[in-house]
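A.B. asks: Sequential numbering from 1 applies to the sequence shown in the working numbering.
Rather than coming from a laboratory, the hints here were simulated on the basis of the structure. Owing to the predicted nature of the structure, the values given are computational and were not obtained by experimental measurement. Treat the hints loosely; a few may be bogus.
Claimed, not checked - Simulated DEER-style distance windows between Cβ atoms:
no. : residue 1 : residue 2 : range
1   : K165      : K2        : 53 to 59 angstroms
2   : S349      : Y48       : 36 to 42 angstroms
3   : K165      : S349      : 34 to 40 angstroms
As the list claims (entries may be wrong) - Taking lysine-lysine pairs in the DSS-like style, the calculated list, with each CA pair at most 25 angstroms apart, reads:
no. : residue 1 : residue 2
4   : K86       : K116
5   : K46       : K5
6   : K133      : K86
7   : K133      : K7
8   : K198      : K162
9   : K85       : K265
10  : K372      : K393
11  : K52       : K20
12  : K5        : K61
13  : K247      : K128
14  : K45       : K128
15  : K128      : K85
16  : K229      : K334
17  : K72       : K46
18  : K65       : K46
19  : K133      : K5
20  : K393      : K334
21  : K247      : K210
22  : K198      : K7
23  : K67       : K162
24  : K92       : K46
25  : K198      : K247
26  : K128      : K92
27  : K61       : K86
C-beta: ideal position from N, C-alpha, C; glycine also.
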Amino acid sequence: MKNMKLKIIDFDYKGRGVAKYDNKTVFLDRGIIGDTVEAEIIGDKKNYYTAKVIETVDNSKDRTKSKCIYSKSCGGCDFLEYDYKKQLLWKKTKVENDLRRIGGVDSPVNDTLGMKTPYRYRNNIQLKVQDGKLGYYKKNSRELVEINECIIAKDEINNVIKILKNWNGLKSVNTVSIRENYLGEVMIVFVTSGEVKKFNTLLPNLIDSKVVAVFENKNTSGHYRFGKKFKKLYGEEFITEELLGLKFKLSPRSFFQVNHSQTEKLYNTAIDFLDLKNSDTLLDLYCGIGTITLLGAKNAGEVVGVEIVEDAIEDARENAELNNIDNVRFICGKSEEIVEKLLEDENLSFNKIILDPPRTGLNEELIETLLKIEPEKISYISCNPSTQARDLKLLSEKYSVDLVQPVDMFCNSVHIESVVGLNRKI
Numbered sequence: 001m002k003n004m005k006l007k008i009i010d011f012d013y014k015g016r017g018v019a020k021y022d023n024k025t026v027f028l029d030r031g032i033i034g035d036t037v038e039a040e041i042i043g044d045k046k047n048y049y050t051a052k053v054i055e056t057v058d059n060s061k062d063r064t065k066s067k068c069i070y071s072k073s074c075g076g077c078d079f080l081e082y083d084y085k086k087q088l089l090w091k092k093t094k095v096e097n098d099l100r101r102i103g104g105v106d107s108p109v110n111d112t113l114g115m116k117t118p119y120r121y122r123n124n125i126q127l128k129v130q131d132g133k134l135g136y137y138k139k140n141s142r143e144l145v146e147i148n149e150c151i152i153a154k155d156e157i158n159n160v161i162k163i164l165k166n167w168n169g170l171k172s173v174n175t176v177s178i179r180e181n182y183l184g185e186v187m188i189v190f191v192t193s194g195e196v197k198k199f200n201t202l203l204p205n206l207i208d209s210k211v212v213a214v215f216e217n218k219n220t221s222g223h224y225r226f227g228k229k230f231k232k233l234y235g236e237e238f239i240t241e242e243l244l245g246l247k248f249k250l251s252p253r254s255f256f257q258v259n260h261s262q263t264e265k266l267y268n269t270a271i272d273f274l275d276l277k278n279s280d281t282l283l284d285l286y287c288g289i290g291t292i293t294l295l296g297a298k299n300a301g302e303v304v305g306v307e308i309v310e311d312a313i314e315d316a317r318e319n320a321e322l323n324n325i326d327n328v329r330f331i332c333g334k335s336e337e338i339v340e341k342l343l344e345d346e347n348l349s350f351n352k353i354i355l356d357p358p359r360t361g362l363n364e365e366l367i368e369t370l371l372k373i374e375p376e377k378i379s380y381i382s383c384n385p386s387t388q389a390r391d392l393k394l395l396s397e398k399y400s401v402d403l404v405q406p407v408d409m410f411c412n413s414v415h416i417e418s419v420v421g422l423n424r425k426i
């Protein structure tokens, strides 16, 4: 098929440009809203085309000069050439459209909470290694883009990248995970299919940096980020993170939000909506290492956190002890099963609930249980507006949506986090 001129009108959930041609949707490998491009059709499906941009014929008025020298090739970010205010507006519109189209929700959506400077925010990155070179994959490719720094990563992470690039043992590693805490201390995890080689040649440079913990993780599966076992090569067993006045121990496997300042906005929004009091019984489902649970425990009377990952529950219990919080307990298991068990065995009644599920959202069994126990208020945090909207449609039987707040957790990317506040209908 011959090349064609297309006007980009939207982005899809992968950050690809979207255009229309011959009454069909076209998904383009790059470009921003407002660009006019010459493109080559490379795939023809029943309802859509896929296309490769040959050149940009006319730049969008919202196109900006990228601050990243790798943005033309690196697949790490989606929107580095898209005006930041327009990014925030697009994310608000995306949430609005999903709520209306999928969930049948017409509630007003607040402006997206953004950052003053949407760079140097990530406290955790994962870099790939190929032939001793360190970087990210190209978009929709397994070809590596070697980098010297990452413009969205925090400063000490970038210092570690510079150290690792000169290490002669890098070829023994498949992936490098680098995490930085609020003190600028760094934890490194080397993921390998065998074992890390020549670590002794790297160690002197790490000691002179702010690296405080290094682990080896053997992982021969391509399906999971980490294998089961971690071997400490250097330093501490964990690093400590601080959030809204509480401390959290982070092991190599611990999940913690990657954007510290935006996480505070996100969690404050979710907790403030619940208006917690000492008479409240709070249930936090998908609680992870207990961040929101413990923050909610400051004001609630009794708090229960539920999480399916056993390591996370162990971390959560340690974090409760670390912060001297004794009105909370953590239970390991599937949310839908644990809630039923608490209702049947302990006759517990929860009047406030926080939900923070994975991208797949809630299963119908859990939604049925929520509708049965009828808490007064629910704060639903989601990283996927589409599945959140689907779940809200089912919850609308007994709940009204009284808050919708998008938060830009992943600046310069297509990803969106949102908090929805639900009140039980009278």
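A.B. asks: Given the hinted pair K133 and K86, is their Cα-Cα distance within 25 angstroms?
C.D. replies: violated, 35 angstroms
A.B. asks: Within 25 angstroms, alpha carbon to alpha carbon, are K128 and K92?
C.D. replies: violated, 32 angstroms
A.B. asks: K86 and K116: Cα distance at most 25 angstroms?
C.D. replies: holds, 14 angstroms
A.B. asks: Sort out whether K7 lies within 25 angstroms of K133, counting only the CA atoms.
C.D. replies: Violated, because 37 angstroms separates the two Cα atoms, which is more than 25 angstroms.
A.B. asks: Is K198 close enough to K247, meaning Cα to Cα at most 25 angstroms?
C.D. replies: violated, 35 angstroms
A.B. asks: Need the status of pair K133, K5: alpha-carbon distance at most 25 angstroms?
C.D. replies: violated, 37 angstroms
A.B. asks: Can you confirm whether the C-alpha distance between K247 and K128 stays at or below 25 angstroms?
C.D. replies: Cα-Cα ~30 angstroms, so violated.
A.B. asks: Is K61 within 25 angstroms of K86, Cα to Cα?
C.D. replies: holds, 11 angstroms
A.B. asks: Given the range 53 to 59 angstroms, decide if the beta-carbon distance of K165 to K2 lies inside it.
C.D. replies: violated, 44 angstroms
A.B. asks: Given the hinted pair K393 and K334, is their Cα-Cα distance within 25 angstroms?
C.D. replies: Distance of about 22 angstroms is within 25 angstroms: holds.
A.B. asks: Given the hinted pair K198 and K162, is their alpha-carbon gap at most 25 angstroms?
C.D. replies: OK: K198 and K162 at ~17 angstroms, within 25 angstroms.
A.B. asks: Would the hint linking K92 and K46 be met if the CA-CA limit is 25 angstroms?
C.D. replies: violated, 30 angstroms
Going down the numbered hints, you'll see the structure goes against 1, 2, 3, 6, 7, 13, 14, 15, 17, 18, 19, 22, 24, 25, 26, while the others check out.
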